[in-house]
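2 protein chains.
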Amino acid sequence: MTTPNPPGRREQRKAALRQTVRDAAWQLVVDRGYEAVTVDDISSAAGTSAATFYRHFSGKEEVLTRRWLSPERLAELAPHIDKTQGLAVAVASLFKAYATMAAGYQVNVVTRLKVIHRDIGLEIAMARGRYEDMDTLAQLFGEISGQSPGSLAMRLAASLTVNARIVAMSRWAELDGQLPLDALLDEVAQTLAPTLDNCETAHDRFMDSDAGVIPV
Amino acid sequence: MTTPNPPGRREQRKAALRQTVRDAAWQLVVDRGYEAVTVDDISSAAGTSAATFYRHFSGKEEVLTRRWLSPERLAELAPHIDKTQGLAVAVASLFKAYATMAAGYQVNVVTRLKVIHRDIGLEIAMARGRYEDMDTLAQLFGEISGQSPGSLAMRLAASLTVNARIVAMSRWAELDGQLPLDALLDEVAQTLAPTLDNCETAHDRFMDSDAGVIPV
Chain Z
36 MTTPNPPGRR EQRKAALRQT VRDAAWQLVV DRGYEAVTVD DISSAAGTSA
86 ATFYRHFSGK EEVLTRRWLS PERLAELAPH IDKTQGLAVA VASLFKAYAT
136 MAAGYQVNVV TRLKVIHRDI GLEIAMARGR YEDMDTLAQL FGEISGQSPG
186 SLAMRLAASL TVNARIVAMS RWAELDGQLP LDALLDEVAQ TLAPTLDNCE
236 TAHDRFMDSD AGVIPV
Chain X
36 MTTPNPPGRR EQRKAALRQT VRDAAWQLVV DRGYEAVTVD DISSAAGTSA
86 ATFYRHFSGK EEVLTRRWLS PERLAELAPH IDKTQGLAVA VASLFKAYAT
136 MAAGYQVNVV TRLKVIHRDI GLEIAMARGR YEDMDTLAQL FGEISGQSPG
186 SLAMRLAASL TVNARIVAMS RWAELDGQLP LDALLDEVAQ TLAPTLDNCE
236 TAHDRFMDSD AGVIPV
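If you read the protein sequences in the order shown, they are chains Z and X.
Using our numbering, you'd call the opening residue of the first sequence number 36 and step up by one each time.
Using our numbering, you'd call the opening residue of the second sequence number 36 and step up by one each time.
The shape of chain Z in the complex, shown without the other chains:
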């Protein structure tokens, strides 16, 4: 008699495979350059088949451009986000957890950022992911503050947080990771804090109202 794996176990195996593929892809891209690496190369290096690869990713671009707050990454970060003390504390705790996580990646984030910057296709994919990250954060901020995620205040807070992180990361990459990422991100979170406070307490006809999103 066979017992089906519980969904949790299956999800874990899936996440592990995806991470193996990502690590293999980044290692190859660092060694050979983005253009020279094929999906077959990545699949072989990850010990799997191209068919399996395509069950998990649309192509090599997607492997290399996971957005910041993708569902799987957010699931890892979520337990570390302090949601009890408002947006500014939530962002500081999120940045801290992210810095810890980023320190553990096999191919380091500085290298990744430089590779992405050299390829317009990758940059575009990253830019698209930012809109999704903003939606994810606006949801989180809405949950914390009790405001609508679609309000101007929540979307402003989300956009500024996403972009503040990007500025910090590119600064850090420029300096070849010489500064401690956690301290750099914390500095940025503190700089942003009073504006996040303003967003949290916003209640006027401009900041408070709700509508669908045009991500211009």
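FYI, nobody ran anything at the bench for these hints, they're computed from the structure.
Hints are all accurate, no fakes.
Given that identical chains are not distinguished, each listed pair holds provided it fits within a single copy or across any two copies.
No more than 25 Å apart at the CA atoms, straight line, and that leaves these computed lysine to aspartate or glutamate pairs for DMTMM-like:
#1 K149 x E167
#2 K131 x E111
#3 K131 x D232
#4 K149 x D75
#5 K149 x D58
#6 K131 x E167
#7 K49 x E167
#8 K131 x D221
Given the coordinates of chain Z, assemble chain X onto it according to the supplied hints.
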């Protein structure tokens, strides 16, 4: 005896022609859709030739995606920017001047934003323009605050300002321009003000140091 036009006059004629081409292009795109409009259509509607068109623009994409702080637009806005009272006041005065200018465009900005949002090529062109806008603003902020334009603090201030404007504009477009743009942008400028103050007074090893730019 012929006297050459002073450079100021020539520049004015050039700017006027470019604006005529832009207005014609936007009117055609609104009437027929982006895909259906050709450079020949635009040139004819503007009363000029395709050859002249290509002396001023690389293609129809460029006509439709002037960045926020392009040199010609900045030249118009600059006299209205208050540089004497720090970054927050500078941004508020810049937003105010921009709102006044945007109210005067022949094809209104709401329509433009919706057209741009429907086309990925235009969105990408706009996204690239944002990096240039950030550099422009970092220069301005550096001038105002006496900090290096390449410092983390100035680049953070620039990125947040560029993105705060985008959030306000997309909000405004969603509501079909029903809210007064000047009041909406002012609200966003006020929300951002304390963080701009923080950037202005930043003096530590993270915010203060300088290096080349990787716009990730």
